[in-house]
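K.L.:
For reference, the chains in residue letters:
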Amino acid sequence: MITFDHVSVTYPGASAAVLTDVDLTITAGELCLVVGSTGSGKSTFLKCINGLVPHFTGGTLSGRVVVDGRDTREHRPRELADIVGYVGQNPLSGFVSDTVEDELAYGMESLGVDSSTMRRRVEETLDLLGLADVRSRPLLTLSAGQQQRVAIGSVLTMHPSALVLDEPTSALDPPAAEEVLAALTRLVHDLGLTVVIAEHRLERVVQYADRIVHVPGAGAPLVIGDPHTVMATSPVAPPVVRLARSVGWSPLPLSVRDARSAATSLRERLRDHAPSPGPVEQLGELVASAHRLVVSYDGVIALAGVDVDIRRGEVVAVMGRNGAGKSTLLNTMAGLQAPDAGMLDVGGVAPARLAAPDVVRRVALVPQNPSDLLWRESVNAECIDADADAGVARGMTRAVLTELAPHIDDDTHPRDLSEGQRLALALAVLLVRRPPLLLLDEPTRGLDYAAKERLATIVQRLAADGHAVVFATHDVELVAEVATRVLVLAEGEVVSDGPTATVVTASPAFAPQVAKILAPQPWLTVGQVERALAG
Amino acid sequence: MKRLPRTLHPLAWWLWAAGVATAASETSQPVLLLVLIAAAAYVVAARRAITPWSASYSAFMRIAVVVLVVRVVLYVLFGDAGGNHVLIRLPRVPLPTSWGVRIGGPLTAEGLISATEDGLRLGTVLICVGAANAVASPARLLKALPGALYEVGVAVSVAISFAPQAVVALGRARRARRLRGRSERGWRAVRGMAVPVLEDALERSIDLAAAMDARGFGRRGNVAPMHRRAATSLTVVGLLAICAGTYGLLAAGSPALLGVPLMLAGAVVAVAGFAVGNRASGRSHYRPDAWRGAEWAVATTGIVVAAAYVVVAHRDPATLDAISQPLRTPDVPWQLALTSIVAALPAFLAPPVPRPGSRSRPVPVPARARAEVAL
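These protein sequence lines map, in sequence, to chains A and B.
At position 68 of the first sequence (counting the first as 1) the number is 86 in my numbering, and the numbers step up by one without a gap.
At position 308 of the second sequence (counting the first as 1) the number is 315 in my numbering, and the numbers step up by one without a gap.
Simulated from the structure, these hints should not be mistaken for laboratory data.
Beta carbons: idealized from backbone N, C-alpha and C, even for Gly.
Among the clues, some could well be false.
Chain B side only, calculated, beta carbon under 10 Å to chain A, not exhaustive [said to hold, decoys possible]:
#, residue
1, Ala62
2, Ala66
3, Arg69
4, Val161
5, Ala180
6, Arg185
7, Arg187
8, Ser212
9, Gly223
10, Phe224
11, Asp296
12, Arg299
Here are the computed distance ranges between Cβ atoms for each label pair [said to hold, decoys possible]:
#, chain 1, residue 1, chain 2, residue 2, range
13, A, Leu42, B, Arg294, 56 to 64 Å
14, B, Gly178, A, Ala150, 28 to 36 Å
15, A, Gly484, B, Gly178, 53 to 61 Å
Far from chain A, by Cβ distances over 10 Å, these chain B residues were calculated [claimed, not checked]:
#, residue
16, Ser65
17, Val93
18, Ile110
19, Val175
20, Ala221
21, Met233
22, Tyr293
23, Gln342
24, Thr346
Working from the sequences, and respecting the hints, build out all of it.
P.N.:
Shown next, in the form of structure tokens:
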């Protein structure tokens, strides 16, 4: 179906090749998972399949990529559109029309599909992806999960024989991600669709994969094999695999189900241990407090009476499905949005009433896309700017940055940093004013495992230093790792609020993999289990 | 008989608006112009579509008022319309007569009235465009373009979609500045925000181009290049002829051959081009808007009004000319004023607009979702 024949790719101006000598055949009906850290060349690999590399991106491709008998050297992406459906990383920027239905039909119109077939396929796809309720809505008004499903639907309607997806679930809440992945596996099983998918959050997909392609980066040869073999040694691995490796299970389980049956003896061994408490929680003074907080946009209630107190030293995870009000809560705390009713007190004042320079001394918010906060042309210029804004001695921001992420070159353009480094820079720029309250909106979007681990360390250190950290996220594994408390929102109301262990084990949707494997015992992370077994 | 709601074909609405605009451009009779404005407003009130676009009607209204004011101000500054009823003598800037420009000088009642009428005429044309926007969004009109003009349509609609995207990007940039503790205003703030907004736009357009390519935009399929070139040239030549014909029809004193005959010839050539192009494009249309009786009726009202004015303009130009030299109360051409009411008939002829929540497209932007986008 898809054949890579000694393929190497070098981008113009780059000193080394991104991919070297890739030799691989993906057979029809296979679900192939592409893993690797950020910037390792996963996207390049995917774009080779429909010819976007090199026709669109430039660069040199040696060797041959043949899809269903068509060589990408002779066929441009548009001529491959009927056999390869490609969904890029950012669905919103790839939309051509303005409503859901038109977007789903767009590809078919290009292919000249007749109108009754188009009608039928649009209806089928709306049902398959659960989009029927929003069929006539403008795309700009959809939630991130809905947008992602429209993007997938818009290529599915073309009935391609291969589907190429670049991080399709990164913006989705766990149930929405499950839904998209369930739809994909159904397509693989029922229609024999070939799916090539790149994903950071392996815990969501690894059990569905027939084969894994690990892209180590820096032009090193790819590691290709069946999931059990590749996962046994891969540096990127989901918690279930890390637990299995540290306990020494063989064969390696990839799903919670397999792991549970292997875990009987482990549960026995752990019976007499209790999870070590995380870093001892020193709850300090109150930094923010909301009472019956109501926020609305144009008459629609986004927060409907939220009560929450946040103290120094706490790490609070805000969870809930897309559109539950998580971002609104953070924005309101950062003074971007004025409350309609109720009381909000951040450091003794109502943040929306303050001028911007006074707000940022009390509360820092890193938005979903940290690069929004960066607008200079080098890391150094950005740091100097932040020093001047904060009125501190020159070099302070740089010092904070070095602490957060040690090896960043001064002259790099913020755009050329990795996602994790960019997040660190945005944090440094805000933290230089030492605000007691730090808010992070979906900080793990686009982060690989290594970057996520670094983020967890940073957050724990900040909390130990007496900051209060509140982060909105869909990432249950990160929550299990760092949060001391979890707040679950639904329809703008708090539906649960309590210690992490209690909240995340209470419902399967929010439970981390280790908790699912070892239930009913209250273990949350691989680290906890390892410490218990060692001690 | 119960009238079922449905959206009218956008072309019918734009033909209606074009007809009214043509009529307005033929006359400077203020009573006639006001009747036309009232007719258009009545139709908008009855059949306004519920889309973000329909809000642009009031924007066009405001622009029309600005145009009227600017036209009068220009007359005060530069005008020399003649006339005997001098209202005031402004100090005159001495300029050589060979320049052909005059600044200052006497202001006459005749000049002022004629400038107002002229401004009103331009304003009416603008209001007609606004009315068309309100009842049928230009995006839908672009979708209805024939296959031969498809690429042009996509270019325009991508350009149109830039505006809301830029507004979102600007909102994000403003928030980001606040989050970094900047509260500066003026030039520095604009400069700081322009870069992220432009970067965003650039990145988006690259992504969009990749996505469109990956989804088959510009696929040639198995159509001979000859066929395609024939379609394009026929279409372009035809449209140029229509433009020239329209000019000939509307501009006074142009040769008769440049009017209706050229326009008709152009239309024939363009339609041939569309027909060839449609077969050549290999594209299909998803849920194309239907063209039924109501569409014919609405389009006809526009054409009837336009035709009435054009015919009168050729037979008896004085009727449409309200320019008052000598100053007098202008006669109102009652027959024409009554005919203008035809322009209001689409308020009854067009089917009612589907209400939001019902099955037909489109639906308004829910406020909550809009706010989420802004975040």
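K.L.:
Look at each hint and say if it fits the structure.
P.N.:
Each hint tested on the structure:
no., hint, result
1, Ala62, "violated (14 Å)"
2, Ala66, "violated (19 Å)"
3, Arg69, "violated (23 Å)"
4, Val161, "holds (8 Å)"
5, Ala180, "holds (7 Å)"
6, Arg185, "holds (5 Å)"
7, Arg187, "holds (6 Å)"
8, Ser212, "holds (8 Å)"
9, Gly223, "holds (3 Å)"
10, Phe224, "holds (6 Å)"
11, Asp296, "violated (12 Å)"
12, Arg299, "violated (17 Å)"
13, A:Leu42 - B:Arg294: 56 to 64 Å, "violated (41 Å)"
14, B:Gly178 - A:Ala150: 28 to 36 Å, "holds (30 Å)"
15, A:Gly484 - B:Gly178: 53 to 61 Å, "violated (33 Å)"
16, Ser65, "holds (18 Å)"
17, Val93, "holds (55 Å)"
18, Ile110, "holds (46 Å)"
19, Val175, "violated (7 Å)"
20, Ala221, "violated (4 Å)"
21, Met233, "holds (19 Å)"
22, Tyr293, "violated (3 Å)"
23, Gln342, "holds (44 Å)"
24, Thr346, "holds (38 Å)"
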